[in-house]
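> Residue numbers (the working numbering), protein chains in the order written: chain A, 1 to 111; chain B, 1001 to 1113.
The set of hints was computed from the structure by calculation and includes no laboratory data.
Do not rely on the hints blindly, as some may be mistaken.
Unchecked claim - Straight-line distance between alpha carbons at most 30 Å, and here's what the computed DSS-like set of lysine-lysine pairs gives:
(1) B/Lys1078 with A/Lys1
(2) B/Lys1062 with A/Lys42
(3) B/Lys1071 with A/Lys68
(4) B/Lys1062 with B/Lys1078
(5) B/Lys1011 with A/Lys42
(6) B/Lys1015 with B/Lys1078
(7) B/Lys1078 with A/Lys42
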Amino acid sequence: KQEVTQIPAALSVPEGENLVLNCSFTDSAIYNLQWFRQDPGKGLTSLLLIQSSQREQTSGRLNASLDKSSGRSTLYIAASQPGDSATYLCAVNGGSYIPTFGRGTSLIVHP
Amino acid sequence: EAEVAQSPRYKITEKSQAVAFWCDPISGHATLYWYRQILGQGPELLVQFQDESVVDDSQLPKDRFSAERLKGVDSTLKIQPAELGDSAMYLCASSVGTGWEQYFGPGTRLTVT
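Excised from the complex, chain A in its bound form (with noise of 0.2 Å):
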């Protein structure tokens, strides 16, 4: 059974810093993963989609990388603003298509 992890769970960083969110899975038999951010009692918007042939993808001050055969994946995000204050959340797509989601990173960013 294929488990997420997100690490750190939290993270408080003063406007301006760049930041990396970390995401691993333990089957890199994956189709794809996407990346999502969450606004307290909100639904998700999805950020970025990587496919499983895919090494990166970019969206404006976002960049996720995906290294399959460690299992791993990174957002990255560029001088991060309040605004960026949200949950963080990976899923991904097993070979048999079942999405997977990990418990998200939770993050403020205080002017």
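Place chain B on chain A using the hints.
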């Protein structure tokens, strides 16, 4: 911009009562997902549909939960009877097909008293 619709947004019910949630996916999306999210945890997949067919419902507590997508478009998730431990956020998502990018609705916050 197309969105996944869910209703109600909030539901308070007493234990042992029945409760139902509705989801309307993005038009043209064949795959629909129902998740349960407990506070502080990631979403847990309850059931996944491809058109009208169930792809996976291995984590659905079938003694009290049921889900249907009769015409392959909108879907209903039902709990009967509700228990205190069912208090959670229920999220619906859709994608073009299995394994494609998922888009989520706003969720239904269920409180069982």
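> So, for every hint listed, does it hold in this structure?
Okay, the hints, checked on the actual structure:
With a C-alpha separation of about 27 Å, the suggested pairing of B/Lys1078 with A/Lys1 holds against the 30 Å cut-off. This hinted pair checks out: B/Lys1062 and A/Lys42 have alpha carbons roughly 27 Å apart, not beyond 30 Å. Between the alpha carbons of B/Lys1071 and A/Lys68 the distance comes to roughly 37 Å, so the proposed pair goes past 30 Å and is violated. For the given pair, B/Lys1062 sits about 10 Å from B/Lys1078 by alpha-carbon distance, which is consistent with the 30 Å threshold.
For the hint linking B/Lys1011 to A/Lys42, the alpha-carbon distance of about 15 Å falls within 30 Å, and the restraint holds. For the hint pairing B/Lys1015 with B/Lys1078, the CA-to-CA distance comes to about 14 Å; that is within 30 Å, so the pair holds. Under the criterion of a C-alpha separation no larger than 30 Å, the hint pairing B/Lys1078 with A/Lys42 is consistent with the structure, at around 21 Å.
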